[in-house]
Amino acid sequence: MPRRHLLVVSAVALALIGLAGCGEAGTAVPAPTPSGPAGLACRGLISALPAQVSGQDSRAVLPSSAFTAAWGKDPITLACGVATPPALQPDSPLVTINGVDWFVEQGRVTTFTTVNRVANVQISVPTSYAPEASAVSELADEITAKIPSKD
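The sequence shown runs 346 to 496 under our numbering.
The set of hints was computed from the structure by calculation and includes no laboratory data.
Since the model is a prediction, treat every value here as computed from it, not as a measurement.
Where a beta carbon is used, it is the ideal one built from N, C-alpha and C, also for glycine.
Check each hint, because a few of them may be wrong.
[As the list claims (entries may be wrong)] Computed spacing ranges between beta-carbons, pair by pair:
id : residue 1 : residue 2 : range
1  : 441       : 408       : 30 to 36 Å
2  : 434       : 409       : 31 to 37 Å
3  : 411       : 472       : 24 to 30 Å
4  : 446       : 418       : 27 to 33 Å
5  : 385       : 476       : 19 to 25 Å
Using the sequences provided together with the hints, build the complete structure.
Now the structure itself:
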């Protein structure tokens with residue numbers, strides 16, 4: 346193989362390896378757009394979140410947002426200011442974790458959404474972190490401090 350051709354092939358291979366590493370740049374989390382008191386409360390919450398949840402380091406989110414956060418390679422995600430889940434009904438069962446009431450939807454990922462707060466906070470925890478409520482309990486104090494109840 347001619348030396349020049351070998352250099353071109355090597356350069357292309359290195360570029361592809363570099364692009365493959367870009368997939369680790371962040372976790373996709375749909376970004377809510379709360380405004381008013383909910384937006385202010387959410388900004389306060391995001392700035393107060395811990396660097397680790399369930400032993401997992403925080404990571405970048407895509408798109409970059411003042412209302413989302415993520416931790417771990419199999420990411421635990423948080424979004425503040427989300428809409429009320431369509432499945433939440435007045436008679437839906439709720440779970441209380443560290444003084445915060447949650448509506449829980451189970452699947453491949455367990456999704457916890459706060460109720461009766463100025464802003465809805467949604468935390469999605471993959472089943473690989475079972476019991477999933479442990480990750481949520483680590484964030485309850487920050488939620489209580491930064492997202493006031495509606496009562």
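Evaluation of the provided hints:
1. 441 to 408: 30 to 36 Å: Roughly 33 Å apart at Cβ, these two residues keep to the hinted range, so it holds.
2. 434 to 409: 31 to 37 Å: 34 Å, holds
3. 411 to 472: 24 to 30 Å: 29 Å, holds
4. 446 to 418: 27 to 33 Å: About 30 Å separates the Cβ atoms of residue 446 and residue 418, which means 27 to 33 Å holds.
5. 385 to 476: 19 to 25 Å: Between residue 385 and residue 476, where Cβ atoms are some 32 Å apart, the hint is violated.
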